[in-house]
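Enquirer: These are the residues of each chain, in order.
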Amino acid sequence: MFPAHSDPGPNFVALLQHLDIAPVVGGDTHLSPHATTVVALRSDTGVVLVADRQATSSYIANREVRKIAQADRHTAVAISGVAATGLELQKVLQLSFEHYEKMTDDVLSLEGKANYLSSFIGRINLQGPGIVLPLLAGFDLNHNRGRVFEYDGLGGCYEKSDFATIGSGSEFAEGALRLGYRDDMTIEECIELGALALYEAGDNDPATGGPDFVRNLFPIIVVVTADGFSEVSLERTREIFEAISARRAERQGRAGGQLR
Amino acid sequence: MSMPYYVTPEQYMKDRAEYAQKGIARGRSLVAAIYDAGVLLVAENPSASLNKISEIYDRIAFAGVGKYNEFHELRQAGIRWADSTGFSYSREDVDARALANFYAQYLGVTFTEGGKPLEVEILVSQLGIRNRPTKLYHVGFEGTITDETRFAVLGGDAETVKSRFVQHGDDITDLTTTLRNAVGALSGPDRNLTPNDLEVARLEDLGERRTFQRLSDDFVASLLS
Chain A
2 MFPAHSDPGP
12 NFVALLQHLD
22 IAPVVGGDTH
32 LSPHATTVVA
42 LRSDTGVVLV
52 ADRQATSSYI
62 ANREVRKIAQ
72 ADRHTAVAIS
82 GVAATGLELQ
92 KVLQLSFEHY
102 EKMTDDVLSL
112 EGKANYLSSF
122 IGRINLQGPG
132 IVLPLLAGFD
142 LNHNRGRVFE
152 YDGLGGCYEK
162 SDFATIGSGS
172 EFAEGALRLG
182 YRDDMTIEEC
192 IELGALALYE
202 AGDNDPATGG
212 PDFVRNLFPI
222 IVVVTADGFS
232 EVSLERTREI
242 FEAISARRAE
252 RQGRAGGQLR
Chain B
176 MSMPYYVTPE
186 QYMKDRAEYA
196 QKGIARGRSL
206 VAAIYDAGVL
216 LVAENPSASL
226 NKISEIYDRI
236 AFAGVGKYNE
246 FHELRQAGIR
256 WADSTGFSYS
266 REDVDARALA
276 NFYAQYLGVT
286 FTEGGKPLEV
296 EILVSQLGIR
306 NRPTKLYHVG
316 FEGTITDETR
326 FAVLGGDAET
336 VKSRFVQHGD
346 DITDLTTTLR
356 NAVGALSGPD
366 RNLTPNDLEV
376 ARLEDLGERR
386 TFQRLSDDFV
396 ASLLS
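These protein sequence lines are chains A and B, in that order. So for the first sequence, the working numbering puts the first residue at 2; every next one is plus one. So for the second sequence, the working numbering puts the first residue at 176; every next one is plus one.
If you are wondering where the hints come from, they were derived from the structure by calculation, not from laboratory data. All values derive from a computational prediction rather than experimental measurement. All C-beta atoms, glycine included, are put in the ideal place defined by N, C-alpha and C. Misleading hints may appear alongside valid ones.
Not the full set, but computed from the structure, chain B residues with beta-carbon under 7 Å of chain A [to be verified]:
#1 Glu230
#2 His247
#3 Gln251
#4 Ser259
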């Protein structure tokens, strides 16, 4: 029970500070920051996120990392940067939204969630430059459309009207997205373009893992619509990447040709 | 110089208990019952936004009767306790018995030492899984915990409501029957409660991590008709 003047309210991070339970905040790790590619595409009916699964140091440390997490029923949060801090951030964020919901009997607005993440990033990145950079995307029930937010290292939050990318492979992914994105895309088209952008990043950036047909490991594809958060099945994801790969094989690996 | 009155400890406790009971008796009652797939919570509550029943954690619900601001504070303290415990250890380690003890301790201390006893009664219910049983812990205004086996009634008219509810037998039934019995017990023979007058929620496994759901007026109406 807190006295009224120091009550943390529905804010979970404030509660943790009161209780002196500090979330992990980054320091030096040998993992090179931002060795990742995540893309998020917006469409009127929702958002699509695609992320590679590789954790890179001077070698490949892990091939199965899940960089996109469900923050709540209608929100996804993806991370790049120091793995430990990023994963902790996802956990705290998810708990924060749930905590708010239970404390107030009300769901935080998508903009509210994006702003909450801002202050959190600002605090984490005070410990070192750009330890973690996230992407937040979801379906805004109050305004009935998909929305995508990206961040700078100090916690600045920028809403994107089309797409956002984070990680070392961003440049390559962004190239594909710039050429392929249209305003009136369906979710299915967003999935295919997002997968292609990720394929490009995996192809060119040494710290981004592309599709791994040998181990049956593929980038994770997530869709958030009015119906909520869902992950595209492994079979479907495999099909999508097999199709891209087959098109490339036809041209002996030369770039160009079809965008989708 | 004036002398302070001497009050025997017995009288002191009696007065405080009477005070708390009076406050609780002013409010309407609430029934919690185990049914074949979970726990059902039914409260008579004309307000659609000032809730008596709410979610604490994945498999734990809270219900309170009496003074709203007082059980609201207890509810929030419970959510904080559960979320910070789950964060520090694991979601599996958040247990209703520990939470009920936390409440009992707070209510007990406030009853004997506080400025005024809290005019509330609360219920902590848990939907069982593996090593954790389905439970209803009833915590009184003075901090006594009762582990209720099949159902619990909280609030002013508890004894009457209880006797009406047990008329329907001892068996654990399905959601619809349990809801009808609970509503019948709350309303009594002379009144008719509509879904509008009720706040209904349940804990049931429907494939999600969070098992707490509020039942909409329409859904309650369809079950009652």
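Enquirer: A separate judgement is required for each hint: does it hold in the structure or not?
Expert: Hints, verified against the model:
no.	hint	result
1	Glu230	5 Å, holds
2	His247	10 Å, violated
3	Gln251	6 Å, holds
4	Ser259	6 Å, holds
Checked against the numbered hints given earlier, this structure breaks only hint 2.
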